Every structure is written in C-alpha cells, then in structure tokens.
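Enquirer: Protein chains in written order, with our numbering: chain A, 1 to 220; chain B, 1 to 220; chain C, 1 to 220; chain D, 1 to 220.
Among the clues, some could well be false.
No copy is singled out in the list; a pair is fine if it fits within one copy or between any two copies.
To be verified - Here are the computed lysine to aspartate or glutamate pairs in the EDC-like style, where the Cα-Cα straight-line distance is at most 20 Å:
(1) LYS38 with GLU124
(2) LYS205 with GLU165
(3) LYS49 with GLU165
(4) LYS117 with GLU210
Keep in mind that the hints were calculated from the coordinates and are not lab data. Please read all numbers here as calculations on a predicted model, not as lab measurements.
Protein chains: 4
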Amino acid sequence: MNVELIGVTPHPEKLPAMAAMLTHSKATPQDLEKSSEKELNTVLSHVMKLGHTSVIEHSNFTFAISGVSRSLTHQLVRHRIASYAQQSQRYVNLEDPCFVIPPKIKKQTEMKKAYEKTMQVIWEQYNKLLAMDIPAEDCRYVLPNATCSNIMVTMNARSLLNFFELRCCLHAQWEIRTLANKMLQLVKKEAPIIFKHAGPCCKTKGYCIEHNKNCKWYPK
Amino acid sequence: MNVELIGVTPHPEKLPAMAAMLTHSKATPQDLEKSSEKELNTVLSHVMKLGHTSVIEHSNFTFAISGVSRSLTHQLVRHRIASYAQQSQRYVNLEDPCFVIPPKIKKQTEMKKAYEKTMQVIWEQYNKLLAMDIPAEDCRYVLPNATCSNIMVTMNARSLLNFFELRCCLHAQWEIRTLANKMLQLVKKEAPIIFKHAGPCCKTKGYCIEHNKNCKWYPK
Amino acid sequence: MNVELIGVTPHPEKLPAMAAMLTHSKATPQDLEKSSEKELNTVLSHVMKLGHTSVIEHSNFTFAISGVSRSLTHQLVRHRIASYAQQSQRYVNLEDPCFVIPPKIKKQTEMKKAYEKTMQVIWEQYNKLLAMDIPAEDCRYVLPNATCSNIMVTMNARSLLNFFELRCCLHAQWEIRTLANKMLQLVKKEAPIIFKHAGPCCKTKGYCIEHNKNCKWYPK
Amino acid sequence: MNVELIGVTPHPEKLPAMAAMLTHSKATPQDLEKSSEKELNTVLSHVMKLGHTSVIEHSNFTFAISGVSRSLTHQLVRHRIASYAQQSQRYVNLEDPCFVIPPKIKKQTEMKKAYEKTMQVIWEQYNKLLAMDIPAEDCRYVLPNATCSNIMVTMNARSLLNFFELRCCLHAQWEIRTLANKMLQLVKKEAPIIFKHAGPCCKTKGYCIEHNKNCKWYPK
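Could you build the full structure based on these sequences and the hints that come with them?
Expert: See the structure below:
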C-alpha cells in the first residue's frame, strides 16, 4: 500500500479560522485575511474544541493510493462526501497478477502458498479469457477482491474526521484501518490543530461506538 | 438477478407537482393538496418538459436487489445521492458458491466450464481458509468479483433520472444496464409522467454523451 | 406556523429493519420481507441503540410548512441532505402584508405596535415599487426577514435525527426550534422506534454540544 | 459586491488530468505525477470535451464574498454540493445600515430616495429594538432582504460548472448573476481548460434550459 498526499488547500488552517470568525463578526473576509496567525490558531482551536466542524469543510485533501485491494476500495467509496477516481477493470487489462495478502494468511507459510496458488489459477483463467477475445470487463468477473487497485480520493477535513472516527477504530477491517492511519499521519502534518484529536471515537469523544467492552481501547 | 420495488413515496407524482406549484403561487401547501389530479398532472408534465427536476426529489424509491455481482455493486455505490445497505462479506460466511456468469462466457460451453471450474477452485480455497479459523473478512480476499451480493438502494426520482441516463446507455456494462432497465420498468408504473422520457441521454436529450458515432443508438 | 407531514415512506420502520438484517445475513431481501413485525422491531431497536443509523436513510419524510419567516427558511435550507421547494419571491407578488412577530416583541404592546408600523411602511414601499413596474424580484429587496414563506421539505430519518439534535437544542433560535419540535411530534407517531430518543444532543447523547453550563438542560 | 478567490487547490488542472489518466491506465498515481504538462493538458481538454467532469471534483475553490444581499445568499446556499460560512444575524449586531440597491431602483432618483428612506425607517426600528434589549436574533426580523452579508463559499470545479450554468443564465436574477460572472472570471485564470466553456447552458451546450425564445441569447 502506497499513500501520498498530492493536494492540499493552501493554508488549510487559515481558511477554517477565517470562516469561524466571519460568522460572528462585522469584519469582511478581506479584513479577516489580515488576522495574525496566533489569533487564527486560537479561534480554530476553540471551535474544534466546541466541535463546530462545519468551518473545516473549506479545507480539502487529495490522496493518491495504490496497491490496495478492491475489498478496501468497495468500502472506501461508500463514504459519499468525497470525490473518487479509480482504476477501471473495464478499460485496463490486468494480465499481470497483483494482489493483496491478508497478514493472517501471510504469516502461515503453507496457507500463504495455497493462497498464492489460487491467485495463480485465477489469473491464468483471466488471461485465457482475454486471449479468447472476451472483453476485459467480463474477464474481470474471475478476479478476486484481493486484486490491487489504484484510487485517488479528495475529502474535506470534516468528512475526513468522520472517516477517521469509523476507520481508525479497531472494529474496522485491518486494510482500511491501515489506510486510515496513514492518511491521518499525512494530514496531521498539514493541519495539526484540525486533526489534533482525530481518530477513533473512543479517543476523540471518549465512548465506544461499537459498545464493545472487550476491545482493548474501550474507555475506562 | 432479482429486482423488486419495495418502497415508494405514496402519490409519487402528487408531491412533486405540489412542490412545483408551491414555488410559483401564493397558495399554501394545505391549499395545494386539494388540487385536482388533472391539474397536478398538467403541472408535472410541464416542469418535466422544462427539465426543472428539483421538485421530483420529493419522491423516493427503494429497491431490493439480489443475485448481482460485486462488480455491479462496486459501480452502483459510486452513485452518491442514494442510500445503500449491502450484504457484508465481513459478517456473512459465503461458503456456498454463488456467482454471476457473464453472457459472453455463458454461451460458449467450454469457456463456461472452465469458468465454473475456476469458481470451484476459489470456493474450495475460501472454505479451506474458513476451516483454518481465518476470519471471513480475510477469507473473502479470494472471492471473485462474480460473487453474488444482495443490496438495498433508495434513490429519489432526480437521482434515478441521472442513474438511468448513465446506466441505460449502451456504453454501460451489461450487468448494471440490465439492472437499470429493470429498475426503470418498475418505477415507470409508479410514476409514468416523471419517467416518461427516462433512459439513456440519446433517448432523453437527443445527443450521445459518449460521442460514439458507432453506437447503434447514435442520434441521426 | 402550520406544519403537516404530507408524505412518509410506507412502513418506515420495516425498510430500515430489513436493511439492517440484510447486511448481516445470507437471506435475500425477498426472504427478509417475510420477517415478523416483532423480529423487525427487535432488530431496529438494537441498531438504533448502537447508533448504526445508516439503515434509517431508507425512510423519507415530507413536510409542508407555511407561515414561517424567511429567517427560518434561510437557516433550514442550510441542511444539505434534504430536498426543498420554496415559494419564490421572484415569481410571486406578495402585496398583502404577511409577517412573523417574535414572541419577545409580541408580548410588549408598544413594541408590537411599532413593529407592525414598520411592517406597514415596508409593505407600502413594496407595493409602490410594484406599481411603478419594478419587477417583484427587485421589490422584494425591501421585504423583511419576518416575511411569511411556504416551503416543502423532504429529509430521510438519519438527516432528521441530525436536524433535531441541532434544532431542538435550547441554543437554537426559537422559531426553527418550534418547527423542529413540531416535526419531531409528527414523525414520532409514524416511526416511534427510530425517533424514540430523538431530540437535542443533551437528551440523546447525554452531553451538551454547546458546552453551556448555564443551560437549564445541561446534563448533571 | 466584493468577490475574491482566497483558496485554490494547487495545480487545479493537474489533479483532474491525473485522475482521468488513472482510471484508464496501469500506471500508479506516483507514475502519473511525472507526466509532462503538455500530456496532462491534452488529457484534460479531451475529457472536458467529452463532458466527463467527475475528475474535476478534485479541484476546489474558495471565495470570500462581501457586500451582497440576503436575497442573494438565500439563493446561493441552495447549492448543496458546497460549503458555506455566513455572517450570522443572530450573533452580530448590524446597527449601521448597510444594504444593496437594485440597479432598476438606483437609476431613478425619486425611487431611490424613497427606497433609502424605507431603509432608514427599518434600521431605526432595528436599533430601537436592540436598545430595548431585544436580542439581535429577534431584532433582525425587521431587516430587509437587501441587508448586506458576508459569506465564504467553497465549491469543487464540477459543482461550479453547474452553478455557472444556472446562474450566468440571463434568466437568473441580476445580483447572483453578477456574482457568478465575477466568480467565473476568477476561476478561469486559475483553470483555463476546465472553465474554457463554462457559462450558461446556451453557451456551453447550445440549448436553452428555460426554452425562452425571447431571450437575446437563445441559440439560433
């Protein structure tokens, strides 16, 4: 899995701070642009603490993601307040095997071998179908959920907070949780105030959305 | 593929007609409710002809869909102005093989046999992993795009018009096009004025969004 | 203010319960439709308790609202996961004065008189401009926020829960809070399980989103 | 009216071009980032011509707007695929008169005087109510649609194209059309390929969405 942050709204913490000030002030946006960094940061910290997150919608983040499974992307694109561009299995011939192996399978040598053997059988069949002039869009019916995909995602900071709440949770599946954690590391550097307390609900709001008392992160 | 319409806003053409009248009238919604059916239908036909489709958002349609592939559902859930509930491959053990066969493969006996053989290998591996206590959410990495899924979808009429425009097009993939055509047949019965001219762009707007002059439906 | 519920998804608690069952079951939607009411209600109560509210998006509610101010509608239409149709001040001549009086002004006789006098001045000017062939869309620049408006709103149950959380709060403005409370009473009758705990955050989640310790509802 | 573009996704035409290439290629986003500017521009021009505008959602634009009426903002916030922060009439005392005058009123001296006189009466009443300790949120009921407001808006390029289509149209109201035209001038400088053909439907698609044959822009 490779995750890069390839686009960020310039000054991703200034715009939200200005937005917050704008709502409660006589000042025009033109005036507010001249606010000191300190003032802007104080305001932003305050609204984040209050949970008034509508203002952080003004900052957007674009990620380039490669080497993730179609299991992951099928979950990812369920987040509707976001924009996506994904490698198409209709238009791209994927004749070279490329697949994700779940860690629990990877660590058991025999099981891993059997898994890889199945992948080999699958791709042989995929390539056979391609060779018989079946269009890629039909050949792909044999391809597994494990198949690697590339995807670009743009989300605003408010949608990201929701994404992290759900997907950094230990209840989330390992692969999308890994992605979410990598994304969180990347945006924290760009917008430390906004994402200071980002993460699973237990860390951010102090309660477990899964009501799972057996979870090691369950709040005491 | 099984598609049923299991939920429809009552009077799905009355509410949009009232909405259209409300915007241009002194009358309250309470007054407008008493309009004759004929009057309501005339107004709705008029706004549909003008393409002022915001009013048809007030009517919603819920479909129960089963026996479709995960290829299809991955495309379907990209439509963001909609609500979904899909059978989870994390929580449901899918030990019995259940998969879609593309028509181009189905009609060639040898190819179909080879396809089915691959499916058998896949499910054997899936069940082997399950038997070795690998959680279903990891076992599913071997499952193919062809795997059957169940999904419920709710869309409003405006979002449906857009769905039909894109997915009833001959450029759309055969499986989602089949679904779109079935959905269109179902909603046409419930809301004949709204969906009178629904379908691919060439039929509804007289031009080809794919600019594909080789398409048999390309407008003369 | 007049608020009516003029459209509801039939069986607004059955569809969400089916949606919840669908995600965790091998059963098709067709099978699930046959579930007993008791079973469906148990499932729905459970998911509502867990806060897994995506399934309640499948139920939609349409309200006809009249006699509310443009102050209110400007706030209302900020809720983006909803559909609206509003009386237009561009196309409708509003020559007869019709306005909302805030309770704090209404209860003080002198103040109320002065308020009504201002409204009279405003409408005289509005009608004078109309008489001089200024188009309604320009005449309306003099009309006050208090001007009565009619609006139709459709929201799904999940969006409504969010609406109630924000607008039933004592921090919300009195007029939109009155509307929210009326809407809540109406939907509770139709979907008692879904809206059992609906209301301001302090009532539903036990904490104050405004962090306002001076509020009489502040959780002890 | 003052409109400034205060935030733009860096390289607002590169990300969409990469997104377009990603969907049809084996290349990872990391590879695609190295594409030449010429190649990226060619791809983007091509997809824009085809109308495949989902890729331009990855570029976002933030505008700071001041000196516009509440008539305008009430229309503006109806565009739901966007983020807003608006000066609150609940929290900000607007004791100094500040209002928009429609051009048709402005150009007739007597009418303008009468209009300004009404505004004076309104603000006197507003300030009287404030002085009697009526909260600003109630005092504002007398304020006119003409009242000046400040608002920040973020929209992605796809949503902007739709906004321009509807609001640059001669059928749109003069004030929001003025805003739309100013916004279009600003974004054209930043993303000339994306917005090359942006504007009202008659200019972009060659037909009139209002079916108004009397319009001077009606396509021949």
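Enquirer: Evaluate each hint against the coordinates.
Expert: Outcome of the hint check:
With identical chains, the CA atoms of LYS38 and GLU124 are never at most 20 Å apart, being 61 Å at best within one copy and 38 Å at best between copies. Taking CA atoms no more than 20 Å apart as the test, LYS205 paired with GLU165 passes in both settings, with 9 Å inside one copy and 17 Å between copies. For the homomeric pair LYS49 and GLU165, the shortest alpha-carbon distances inside one copy (16 Å) and between copies (18 Å) are both at most 20 Å. Taking identical chains as interchangeable, the C-alpha atoms of LYS117 and GLU210 are never at most 20 Å apart, the minima being 37 Å within one chain and 40 Å between chains.
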